Amino acid sequence: MICLLSTRRFLTAAQIAATVPGYEHDPDDLREHEAFQRKFERDKAELRELGVPLEIGTASIFDAEPGYRIARRDYGLPEIPLAPDEAAAVGVAARLWRHAGLAAAASSGLAKLRAGGIEVDEQATLGIEPVVAVDPAFTPLATAARERRAVVFAYRVPEDDKSSTRHLQPWGVVCWRGRWYVVGHDTDRGAARCFRLSRIVGSVRLTGAPGAFTPPADLDLMSHVASWSGPVDRSRSARVLARAGRAAGVRRWAEAVEATPDGDILTLRYAEPHGLAGWLVKYGPDVTVLEPAEVRDALVARLREMAGVAAGPASAARAAAAQTAPAATPAAVPAAVPTVAPSREREEVAA
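Numbering (the working numbering) for the sequence shown: 571 to 921.
What the hints contain is simulated information worked out from the structure, not anything from laboratory work.
Please read these numbers as outputs of a predicted model, since none were measured by experiment.
Mixed in with the good hints, there may be bad ones.
[To be verified] Pairwise CB distance ranges, derived in the manner of DEER restraints: (1) THR628 to PRO591: 21 to 29 Å; (2) LEU776 to GLU625: 45 to 53 Å; (3) ALA653 to GLU594: 44 to 52 Å.
Note that beta-carbon positions come from the ideal geometry of N, C-alpha and C, so glycine has one too.
All chains, full assembly: derive it from the sequences and hints.
Written out as structure tokens, the structure is:
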């Protein structure tokens, strides 16, 4: 690039090869010349991908081979006028990002501004000193999103002490309501998902080659996270009997706990019965729904669905009949298969 910026005339591939270190080869050797051409084409494609305006033309009508150059008028930055308060804001932002995992990018941005004649006071303050903390997973995920490389990491949700392995094609990392999230395509589930960085266990491993995927053209990271973390109206409450020392995940979300000889009665807030029933089902016989009836009914419907999948229609009818109980009788929750996360955790759990 320096070679093409330092000339006003078009340089042919042969002239560039004779000038730029690393392009040396014997033009008469067919194998060496083909290797040079492949490398030259790769470098041209990389320059164009970076947004460098590469011109192709000839110096005169007598030139048979086209040449290349980079016009400074198209490549150089325009004048960047910054008022004193704007320059101070840039300095504060640079200090902020030095503590948030983007030190190299912040330093590079300041260097480019100074090269354009803009002096930025890194010691200036605006009356406040911002502090941004990022999770250890921030840097590898941001790198993977920039290079479009797939990642693998262990992820843990609040209602489960064990972590699970997730495979993701990250589209980007965004901060929402003070927490960092990564948004991307979950290849295990075949759908878009977002994950909270603070719930990633251990290190993030980059896999595959760069450029392995392409994010959606109309991608809006903030809107995607907001759709998962919108406010949920948990205006209803349910009472659940939990065995002593069991169902730790349910106990975490209990609004109140009442000890009884048969176990602990937990009061849970919920938004809709099917979400709560689907969550409670995974705890098997460790929990019993006491009230309300809508949660018991949703639980019975879920049991019918699971029994039908596992053993066919006849067994489904028998299982539903065995679990259906009068409203005054608690509905016991038998052992169950994994199900969806509750609506309570929809904002931060990748279903």
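Hints and how they fare:
1. THR628 to PRO591: 21 to 29 Å: holds, 26 Å
2. LEU776 to GLU625: 45 to 53 Å: violated, 36 Å
3. ALA653 to GLU594: 44 to 52 Å: holds, 50 Å
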